[in-house]
Each structure stands twice: as C-alpha cells, then as structure tokens.
Amino acid sequence: MSLSILNFAGSFGHTEERMALTRLLIGPVPLFVLQPVLHRIIRNIALRKPELFNRIGVHREKSFLIDPVNMPFALVLRPDPKSPSLRAYRRRHLPPVDATISGSFLTLMEMVDGRLDGDALFFSRALSVQGDTEAVVCLRNALDDMDGSVVEDAANLFGAPGRKILNGLRRIRQNGER
Amino acid sequence: MERDDTAVVGELVCPAGTPASLRTAVDAGADAVYCGFQNATNARNFPGLNFTPEEMKEAVAYAHARGAKVLLAANTFPPAGQTDLWKRAVDEATAFGIDAIIVADIGVAQYIHSQHPQQRIHLSVQAGAPSIEAIKYYCEEFGVKRVVLPRILTIPEISDLKRQIPCEIECFVFGNHGLMAEGRCSLTNYATGLSTNMDGVCSPAQDVHYEEDQDKNLTTKLGIYTIDCFSCTQSPGYPTICKGRYLTPRKEEGYYAFEEPISLNLARLLPELIKAGVNAFKIEGRQRSKSYVRDVVSSWRHAIDSVMAGDEVDLENLLALTEGGKQTQGAYATKRWR
Amino acid sequence: MQTQVTMGPLLFHWPAEDKRDFYFRIADEAPVGTVYLGEVICSKREPFFSKYHDQVAERLQKAGKTVVFASFAEVMTPRERKLTQALCEDQAYPVEANDASALYFLRGKQHRVGQYFNVYNEETLSRLAGNGAVHFSLSAELPKDVLSVLSDAAREQDVSLEVQVFGRMGLALSARCYHARACDRVKDNCRYACEADPDGMELKTLDGMPFLSINGIQTLSHTGVNLVQEIPEMMDMGISHFRLSPHTCDMVEVAKIFDDVIHGRKSPQDAVETFSEKDYGFPFSNGFYHKDRGYEWKQVA
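Residue numbers (numbering that gives the first Met the number 0), protein chains in the order written: chain S, 0 to 177; chain V, 0 to 337; chain G, 0 to 300.
Okay, chain S solo, but in the shape it has when bound:
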C-alpha cells in the first residue's frame, strides 16, 4: 500500500509536490508539522458545517481515534463545537479515547467523504470499530449529512497541490486499492 503511494508520487512531475505527498503520507514526518494542518482542517469544517455538530448531539464531547492502519500516525478527533480538535499521534503515545475506527487511509478518507457506505465497508471487513459503537454510528451519520466533500474542502485549503494530491489518491482508490 505505502509502496503504491510512493510509485504514484513518483509519477508527479514536480519535485516539491512529490516530496510533500511522500512526507505527508508515509513520514517520518514530524508531527509538529502536521498539527497546524490538521487544526486548520477541523477549524474550517467547524466554520463551514456547523450543522455537523448538532447531528453529533450528545456525542460531541467524545473522542474518536481515527486509525489509518497503514500510516505512521493516527488521528484523534474531538468534535466539540466550542473547541473542535483533530490531532495526530504516534501509536505508542495514544491518549485514551471513547471509540476507535480503523481501516486503510484511503478507505477512511472515502468514508469520511460519504463516497463509501460505512455498512458496506463493515460487511467487507475493510473497516473496524471498537469502543463506543453508538458514538461512531452517530459520527458517521453526521458526516454523511454534509453536502459536498469534506476532503475536497480540506484539499482546497492547500490550493493546487492539495487538489492534485487528492485527485491522485482518488485515482489509486478507483484502481481498486484499499
């Protein structure tokens, strides 16, 4: 998996884009580089899609570990509208969380974006859920109600390189990579 991303990154023309993608996806990227990026993404969602938090309702104070199993880090999401946070952690330093959703990076990305069905993914075992199942179901339902694409919004925050990375990832996805 990470190998195919490398190959794909190699197909990009510009050296700096290739570097950015490689560093972002397979590391070892220092987490302090990642944190402001993640912060910007979650702040952007909170600003543009406040209804997301209404739908999460009582679970807004919970913490969710989003674990892309083939990445060198995992993300912890706290969808609290007062101070939403999304942070990256090394697996050996994970904080306690209420629920965990794990799967490959691309699978998680597509699910967050409403492009794949959570139930179908679960039936195929590409996604696994542990801990507070109700909170996960609720988060998934809330994300699913968002029009447009969270992932595209996030990519747009980083301009043309961001969009290019996203399109590349989606191409891998379409070619059957999970």
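Keep in mind the hints are simulated off the structure, nothing from the lab. Model, not experiment: these values are computed from the prediction. All residues carry an ideal CB built from backbone N, CA and C; glycine is no exception. Please note that a few of the clues may not be correct.
Among the chain V residues that face chain S by a calculated CB cut under 8 Å, a handful are [as the list claims (entries may be wrong)]:
hint, residue
1, 19
2, 45
3, 52
4, 81
5, 99
6, 131
7, 204
8, 207
9, 208
10, 211
11, 230
12, 235
13, 288
14, 289
Quick list of the computed label-pair ranges, beta carbon to beta carbon [what the hints assert, rightly or not]:
hint, chain 1, residue 1, chain 2, residue 2, range
15, V, 250, G, 280, 52 to 58 Å
16, S, 57, V, 113, 35 to 41 Å
17, V, 216, S, 155, 39 to 45 Å
18, V, 117, G, 296, 48 to 54 Å
19, G, 290, V, 83, 41 to 47 Å
20, G, 234, V, 65, 41 to 47 Å
21, V, 273, G, 185, 23 to 29 Å
22, S, 158, V, 211, 48 to 54 Å
23, V, 273, S, 89, 54 to 60 Å
24, V, 325, S, 155, 38 to 44 Å
Chains V and G: place on chain S using the hints.
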C-alpha cells in the same frame, strides 16, 4: 369493490436518514422518499439520523420542486401517556405538506383519520397486516390508501391479495431482509431494555460491542449476549438478534437459527411484481449512507425504467452493498422459504 | 370484574391427550377464573386438539370457569383466514382476537383483544373499545408506567385488563418455522418437530449462555416472567386479570400461589420464597415491568 383508478404504477420509494440523503435520493430518480423525525416516532430512531422539523419542511420543498413525494414514517407504537409526541409529528408533517404518513398504531391512525381527514395514510409493515381481512380492516376503519406488505408472501399470494383489497400495495424489493413479523418483535427490548415498538430501535448501537482477539477473530455482542463470531476471513454482520448464530440441542454446531446475514434483492422478479399489481417498490435502509442511497436508487431507477420499456434487468452490481455480500429473493420466490 | 388468575392459551404443541388431561386437571383443581383455549401459534397444529374442544370446554364451564377461545397470532393462508372467520362468526364462546383479521370479523360484537395485537396506548384502547372490545390482554413488554395510564383509560371505558404474570414471554413471531429449520425442514413438511419440546427448544449463544426458546414460528424468552411481587401494585392500578402461560411445571400449584397472593392469604415475599424452593424449568425475570432489560430479575423489597 371501490378502486382508485388513478393508482400509481412502478413508484420507486427510497430511504433517507438525513437531508443530504433525501436530496441524493431525489436527484438519483426516486419517485418518493420516506424519512422520519429525530425521535421515537419512527422505527429507525438511531443516533445522528433523521430530520428536525425545519429540515423536514425544507426536504418537502426540495422534493416537491423536483416532482418527488415525501412520506413520513411515524410507524412506532406510542406508549400510553406519551402520545403527544406522535401527534406533534403528524401535525407538523401535515402542515409541511407531506404526501403520506406511514403508520402502524391504531391510535395514531385514528388521530390522523379524525384530525387530518385529507391526509393520506399508508399502513406500515410494522402493523403486520398480510391478509385480506387485516388490510381491509385498516382500509375501512381508517381510510388507509396503501399497505406496505411484510416480506413473507409469494408473488402468487400478492397477486391474489391485490385483487381483493381496496388499496395500493408497496413491497420491499431491496435491502435488509427482516425475519420477524414487524411490529411484534421484543427481542431487542429483552436484551437491551430499549423497545423496537416504543423506542424505534433495533439492536441499538449503544449496546453493540465488537471484540477482536489476537487472531483477528471477531465476536459481535448485543448487551450480554454473543450474537455471532467470525474468523479473520469471514465478513461480519451487524449484530441483530435474528441474524445471529446459536447453539441448540438439535445441532452439533452453532447455526443461524433464524436467517443468515443476507439481503433482499428482487431485481429479477420485478416484471412479475408489476404483473401482480404491486404499485410501489420500496428500498430499505434509512440507516445507510448517502453513497449507498445514490448507488441503489440510480440502479433501481434504471431497472424499473428498463422493465417498463420491456427490457432485461440486472442488479448484480449491487451485491457489494448487500449484507455479508449475499442476496436472496426470500419468501417472494418460494413457499419453501418458510 | 372480579380479580382473578387466568390460564392463557397453551402455546406449545403437546400431544392432544396430554393437553386434554392438563385442562381436566385445571378444571378440577386450579383456582383460575378464565381459561383460554384455541391454538394461537400454528394453524398446522389446530386439527389435533379440536376434537377435544367441546369436552374440555364443558368440563371447565361446569367447574365455574369462563372459557374463551383465542385466535391465531398470524393469519396468512386461506385456511387460516377461514378458521379465523369461523371462530369469530360462530360466537359459541367469547373470542380473544390476536390479529387484525379477527378484529375485522369481530367489529360490533363483544370481544377480547389478545397479547399479540398491539395495544400500547389509551387511544388505541379506546378506539378498539368503541368497536366492541371489553377486555384487553396486554403485551409482555409494557412497563408499569404504561400499564398505569392504560388502567386509567380502561376504567374510563369500562373495560378490563389482563397482564401475563407467569411463563416464558413471546418475543417475536415469524412466517418461518424455526423448529422446522433446526431440523433442516421447511414449514410445509415440518413433521411437527415442535412436539418434542413441550416448553420450547432452547437456544444458547455460541459461548453457551441460554438466551431464547423456540416454539415453531414463535420466539420466546429463555427466562419466564414472574410478577408475583408486583401483584399488589397492579391491583392498585385496577388491573383485574393475571395470566399464567401454561408450561409443563405444576400449573395448579402456580395458580394457587398467585391466587393466595391476590386474596391476601400469602404475602408476595412469601410467594417469592415458595417459588425459589423449586425448579420451574426456567429462571424468573421481571425486567420489562421495571423498564429494564427483559431478562433481569429484581427483588422488590
């Protein structure tokens, strides 16, 4: 017998758990979309799902502007002393111009019939009315215009039924294949303390636990009860009691005592269902994502249009969206299913 | 109506002679006011016992008991429809309706409504009372606050209420026969697999915990409800009929215990003590009444 000659043919009725799903369903070609409020008045009262009154109002406007209908699922049974919540749902939906209200409870049906006599009533599958007299009872007492049939009849039985009842028939054609008579199942309440009939939940997520061991074997549990176990190569299902594996003195190993995790797919039977007089085809799955809704609704739109035009249909591409990747025609194809 | 213990319909497929003898003994020895006859679960079982109906009914009536016939919980086939119509139109005995097709035939006639037809609220109760229903046997899953409001409505409508206080609880019905399925058969050629399990066929979870009990198309709880502690509270609400669901344990003895509690000859605490001294074939539960998980058992102080 009095019959409505303006009855619809081949209506595609689609699920929506969120406003985004509703817009997706309408855009993908749904003739009607069914949805519920964010409370116990509907049988998919799941966390993060369903509509606020404001969202419902906007949903009706969105659908109507595009020639689609919106149906309100108010298909649970209000417990005594709490009927106001159901009345409010009915009043609000009627004020928003909802096209029909799907009901199961006699009290709710009576309320609509007496307070909103112009409001169209559909009899929910939760009312459990599969026979001529049972359906006629609801038609004559409450002016029901359409019955949603439980998934237990063969096509010849549906055809026979249709000739003898004074209302439209809606049939499930795709999605979860429930085994228990709807509206009469307290299995979830027994295991979790939450009632399918009164609280609108079936295997509530708060009581669902997945336990994976070191060899990647997965155990699914509902409350204290183990519902199934899966080796690392098997596809797990959501732990609903009627889809679980159990032990009995009659069998040497655990077996699916009720039904295997399997989804209903009647694509191939579509021409026969139309011939039998089925007016509307219902897709199950208000708890599914909008991407599922988009895929399933557009496939079914295409299928119905093909059958209407006399062409072949095939829905094999929907297999990935079915439970455990397996599909069945259930009781519709053969009595031997029972 | 006088407060009483009742014997609900026998849900299982017992050999016809066993069933006849059971009712003879109930007629002769059990302190119950009403006995419900009639097959509720499976129409394929119906022919076996019908030859004894009149004999049994007569003996029960001679013993001063009210005899009621219960209708099928599920009506689908032409034969089931015909039998339901005959039962409702015949009116040889009072009828308890367990589905909407029976209600269709009973409109305008005095009748009862059974456990398998959903009466969850005061408006449903009033509407059905308006059509001739005079007595309601309520679903096992209703908690006490709901029972209390329904009792008020029943008083207003001048109808009576019945609650199941003993025996396994019917949790689900299906068009499919799970007894046949367990024997790799289907309903049409079931060869009466259910006859081997007079109290239901046990289902355990894969890790060995008893969970459910199969009775043909019906799924029952593994535990049996026992609301002997709650009798005084229900009597205060105005509930007058307390249903025992027949099992192979000594139902005469069970009826006596409940009758003693109803008439104040025995305290609920003593009754619990008596029940704990013997094995009735299943552990007891009262979770539904206390708005808890159905299998829970709570000692009421």
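- Query: Would the stated hint for residue 288/V survive a check requiring a Cβ distance to chain S of less than 8 Å?
  - Reply: At about 4 Å, which falls below the 8 Å cut-off, the nearest Cβ of chain S leaves the hint on residue 288/V intact, so it holds.
- Query: Taking 52 to 58 Å as the hint, is the beta-carbon distance of residue 250/V and residue 280/G inside that range?
  - Reply: Check failed, 21 Å falls outside 52 to 58 Å.
- Query: Within 48 to 54 Å or not, the Cβ separation of residue 158/S and residue 211/V?
  - Reply: violated, 40 Å
- Once the shortest beta carbon distance from residue 208/V to chain S is found, is it less than 8 Å? holds, 7 Å
- Using Cβ atoms only, decide whether residue 131/V comes closer than 8 Å to chain S, and label the hint accordingly. violated, 36 Å
- Against chain S, with CB atoms and a cut of 8 Å, does the hint on residue 211/V hold up? holds, 7 Å
- Item | Given hint residue 235/V near chain S, where the shortest CB pair must fall under 8 Å | Hint on residue 235/V: holds, closest Cβ of chain S at ~6 Å, below 8 Å.
- Query: Can residue 204/V be said to touch chain S, with a Cβ gap under 8 Å?
  - Reply: holds, 4 Å
- Task: Can you let me know if the beta-carbon spacing of residue 273/V and residue 89/S is within 54 to 60 Å?
- Result: Between residue 273/V and residue 89/S, where Cβ atoms are some 59 Å apart, the hint holds.
- Query: Okay, residue 325/V versus residue 155/S on CB: inside 38 to 44 Å?
  - Reply: holds, 40 Å
- Query: Hint check: is the beta carbon of residue 81/V less than 8 Å from a beta carbon of chain S?
  - Reply: violated, 20 Å
- Task: Can you let me know if the beta-carbon spacing of residue 234/G and residue 65/V is within 41 to 47 Å?
- Result: Given range 41 to 47 Å: violated, Cβ gap about 58 Å.
Hints 3, 4, 5, 6, 11, 15, 19, 20 and 22, counting from the list given before, are not met by this structure.
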